[in-house]
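Next come the chains, spelled out residue by residue.
Number of protein chains: 2
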Amino acid sequence: MITQKDLLKWQKKALTLLRAAEIVVVPKEKSSIEIADFGLGQFEQTGLAILVYVNTERCCAKELAMLPRQTCPEHRHPRINRTNPGKEETFRCRWGTVYIYVPGTKTAKPKAVPPSGREKTYTVWHEVVLRPGEQYTLAPNTLHWFQSGPKGAVVSEFSTRSLDESDIFTDPEIQRIAKISK
Amino acid sequence: MITQKDLLKWQKKALTLLRAAEIVVVPKEKSSIEIADFGLGQFEQTGLAILVYVNTERCCAKELAMLPRQTCPEHRHPRINRTNPGKEETFRCRWGTVYIYVPGTKTAKPKAVPPSGREKTYTVWHEVVLRPGEQYTLAPNTLHWFQSGPKGAVVSEFSTRSLDESDIFTDPEIQRIAKISK
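Taken in sequence, the protein lines are chains D and G. Under my numbering, the first residue of the first sequence carries the number 1, and numbering increases by one thereafter. Under my numbering, the first residue of the second sequence carries the number 1, and numbering increases by one thereafter.
The following block holds chain D by itself, in its conformation from the complex (with noise of 0.2 Å):
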C-alpha cells in the first residue's frame, strides 16, 4: 500500500534520477511513472520506479528508475498462450549500475545484497553487471532478480508487450499490482 504522499515523492526523485541520466519526459509522463512497492511497503528496499514509453499486443518500452541498492525481486515472465511464449525483455543500462541476476554458475562474490528477511526467495546467482551503454538480452520465462549500484540506476528495457499481472515472484508475500490509498 502506496499513500499519495509517499507517490508523489517517489515520482519526484524518479525524476531526478532520469534527469541525472538526461533523459527528457515531457509534463504529461511526469504523473504516470508508476511507484511500484510489490505490496511489500518497503519501496525503498524492494520497488523501482517504472516510466512506461509504449505497451501495445506487440511491443514495449519504458525507462526504470532505481534508488541507491533498491531491488527488483526475482521473478519470470511464463507462457501466456500458444502463441506468446512470455515476455522477452532486454536492459541497457544508461546511468548509474546494475547488478542483474540469471540462472547459471553462481557468481563468487556477488555484487548485490537481497533485501534483508527474503534471502530465501532469491535462488538465481549469475551475476551480470550493466554500467552506462551496456545492455542484456533475457528470454522469457527466465527467472531474474535486480539491484542497482550505490548511486542508483536507469535502465530502459526493450520488450514484446508487458502483463505484469501475469508474472510469478520467488516471493509468495509479493503482489506485482500495487494499491494506492485513497
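Hints are computed from structural coordinates only; laboratory data are not their basis. Where hints are given, some of them may not hold.
Just the calculated beta-carbon pair ranges, DEER-fashion [what the hints assert, rightly or not]: (1) G:8 - D:126: 36 to 46 Å; (2) D:42 - G:109: 48 to 58 Å; (3) D:9 - G:41: 53 to 63 Å; (4) D:116 - G:3: 51 to 61 Å; (5) G:103 - D:137: 29 to 39 Å; (6) D:103 - G:103: 21 to 31 Å; (7) D:163 - G:164: 20 to 30 Å; (8) D:134 - G:20: 20 to 30 Å; (9) G:20 - D:163: 34 to 44 Å.
On a predicted model such as this, the values are computed, not experimentally measured, just so you know. By construction, the Cβ of each residue, glycine as well, lies at the ideal position given by its N, Cα and C atoms.
Chain G: place on chain D using the hints.
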C-alpha cells in the same frame, strides 16, 4: 554506394549527435552504426544513421541519428505473413526536432521540404512534429517519411522486428540495403 571513407566520416558524425543527446555508446557499438543512404548516394540529403540495440524475432530498439534537414524517404512496412501484419513503430524524439508525415489531412504549411528532384515520391503530408520527450506510434503498413529540423535529431525507435528488406518505398530508385565499396 558508400565509400569506406564516407562510412567512417558519417559514423563519427552520428556519434557526435548521439553524444549531444547524452546517449552513452560502448566502444564495440561505434563501428556497428549503419549509414543508410537508400542507394541514392546523397547521404546528407536522403539518409540516416542507425544504431541497432536489439532486433530479435519479436522486438527491436534502435537510435536514429539525423544530420540537419536530412530525410528518411517515404515508405511502409507491409504484412509479412499470416501472423505478422508488418512492423509497428514508435518514434520518441530525444534531441533536436523531427517532422513526421503520415496519411491524413494535408498540413497547410509543412515544415519539411522533400529532397530536391524527388518531390513526387513524397505523397503523404499530414505533419506530426516531435520535440524531445514527444513520441508517435505508427500502425503497420502506414506510409510515412520524416525529416529532421535545422540542428538535426536523435530519435529512439521502439518496434516489432525490423525486416528492412521487406520495406516498400514510394521512390522506385531506392534500395534499402546499402552497398559499401571496398
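The hints, checked one at a time:
1. G:8 - D:126: 36 to 46 Å: For residue 8 of chain G and residue 126 of chain D the Cβ distance comes to about 38 Å; the hint holds.
2. D:42 - G:109: 48 to 58 Å: holds, 55 Å
3. D:9 - G:41: 53 to 63 Å: The hint (53 to 63 Å, Cβ to Cβ) holds, given that residue 9 of chain D and residue 41 of chain G are roughly 55 Å apart.
4. D:116 - G:3: 51 to 61 Å: At 60 Å between Cβs, range holds.
5. G:103 - D:137: 29 to 39 Å: For residue 137 of chain D against residue 103 of chain G, whose Cβ atoms are near 34 Å apart, the range 29 to 39 Å holds.
6. D:103 - G:103: 21 to 31 Å: About 47 Å separates the Cβ atoms of residue 103 of chain D and residue 103 of chain G, which means 21 to 31 Å is violated.
7. D:163 - G:164: 20 to 30 Å: Check passed, 29 Å falls within 20 to 30 Å.
8. D:134 - G:20: 20 to 30 Å: Given about 21 Å between the Cβ atoms, the range holds.
9. G:20 - D:163: 34 to 44 Å: The hint (34 to 44 Å, Cβ to Cβ) holds, given that residue 20 of chain G and residue 163 of chain D are roughly 36 Å apart.
In summary, the one numbered hint that this structure violates is 6.
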